[in-house]
Amino acid sequence: MSRRSLADAVFDRLEVAIKSGAYQDDDRLPSEHEMAAEFDVSRPVVREALRRLREKGLIYSRQGAGSFVRTRGVRSPLGFAPLENVADLMDFYEFRLTIEPAAAALAAERHDLALLDGIASAMGIMRYAASRQAHREDADFQFHMAVAAASGNGYFSTAVAALREHIAAGVRFHNSSPRREVEDTGRDMEEHEQIFQAIRDREPERAREAMQAHLLSLRDRMFERRRSDLHTV
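Once you know that position 13 of the sequence shown is 13 in the UniProt record's numbering, the rest is easy, because the numbers rise by one and skip nothing.
If you are wondering where the hints come from, they were derived from the structure by calculation, not from laboratory data.
Hints should not be assumed to be uniformly reliable.
Unchecked claim - Derived lysine to aspartate or glutamate pairs resembling EDC-like cross-links, with alpha carbons at most 20 Å apart: (1) 56 with 8; (2) 56 with 91; (3) 56 with 15; (4) 56 with 88; (5) 56 with 26; (6) 56 with 32.
To be verified - Simulated restraints, written as ranges between beta carbons of each label pair: (7) 224 with 132: 41 to 47 Å; (8) 64 with 86: 27 to 33 Å; (9) 205 with 168: 38 to 44 Å; (10) 127 with 66: 28 to 34 Å; (11) 224 with 26: 43 to 49 Å; (12) 97 with 202: 18 to 24 Å; (13) 44 with 64: 17 to 23 Å; (14) 87 with 57: 24 to 30 Å; (15) 113 with 60: 27 to 33 Å; (16) 216 with 64: 48 to 54 Å; (17) 224 with 27: 24 to 30 Å.
Here a beta-carbon is modelled for each residue, glycine too, at the ideal position from N, C-alpha and C.
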């Protein structure tokens, strides 16, 4: 991979992280040395990515102190209303089922090693949590955000980034059920593994179907469990 394409990949990863809310305004980015190690690239590649971020107004530099995030005015222009009831949640999943399978298919076609590593990183956190029968909503969002970024289409990234709080609310809604079984964590993990493997293997239709199956499974389990809880009250 050329130095230019490596810088593009680092730039894309950092841009997604900033726009998705991974950093707060004025947060300091890791040093060039730390980012070079994290992304497995040279420091000149990191400098090129940082230069582009500065030109785009996403970061600023302080002499001798490093690079800092500027989030004011650069967050997503989308303003989805918060989830307030079950009907909103159904609309939310309908929307996700429209955009995320398409993003997964494009990710399978277009990803490079750096973008695939972003998905793999989220998978690693999720595997660690699943081994302790837990669910990490931050890792879940990171996974879906990384898939959108790997699509190579900024509209997908912007839409998923704007849904961050909605995705977290959906996870909380699911986990709030008193009858939620431990096996659901394993099922969630298996579904994410299938999406990751299809993207990694560059099989767009399998990736599309795996993402769609995951979202349908999550939606259906959520509402089936909630109906079951109501019947036992």
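Now for the hints, and whether the structure bears them out:
Taken as a hint, the residue 56 and residue 8 pair is honoured in the structure, with Cα atoms around 13 Å apart against an allowance of 20 Å. Taking the CA atoms of residue 56 and residue 91, the gap is about 34 Å. The hint is violated against a cut of 20 Å. Distance hint between residue 56 and residue 15 is fulfilled; the C-alpha atoms sit about 10 Å from each other, no more than 20 Å. Between residue 56 and residue 88, the direct Cα distance comes to roughly 35 Å. Violation of the 20 Å bound is thereby established for this hinted pair.
Between residue 56 and residue 26, the direct Cα distance comes to roughly 16 Å. Compliance with the 20 Å bound is thereby established for this hinted pair. A threshold of 20 Å between alpha carbons decides the hint, and for residue 56 with residue 32 the separation of about 19 Å falls inside it, so the pair holds. For residue 224 paired with residue 132, a C-beta distance near 25 Å fails the hint of 41 to 47 Å. Between residue 64 and residue 86, the C-beta spacing of about 53 Å breaks the proposed range 27 to 33 Å.
Against the hinted window of 38 to 44 Å, the Cβ-Cβ separation of residue 205 and residue 168 comes to about 30 Å, which falls outside the hint. For the pair residue 127 and residue 66, the supplied restraint of 28 to 34 Å holds, since their beta-carbon distance comes to about 32 Å. At about 45 Å, the CB distance of residue 224 to residue 26 agrees with the hint of 43 to 49 Å. Residue 97 and residue 202 have their C-beta atoms about 23 Å apart, which keeps the hinted 18 to 24 Å range intact.
Remark: the range hint 17 to 23 Å for residue 44 to residue 64 is upheld by a beta-carbon distance near 20 Å. Take residue 87 and residue 57: their Cβ atoms lie about 38 Å apart, and the range 24 to 30 Å is violated. Against the hinted window of 27 to 33 Å, the Cβ-Cβ separation of residue 113 and residue 60 comes to about 29 Å, which satisfies the hint. One distance hint, 48 to 54 Å for the beta-carbon pair residue 216 and residue 64, holds here, with the actual separation near 52 Å.
The hinted window of 24 to 30 Å between residue 224 and residue 27 is violated, with their beta carbons roughly 41 Å apart.
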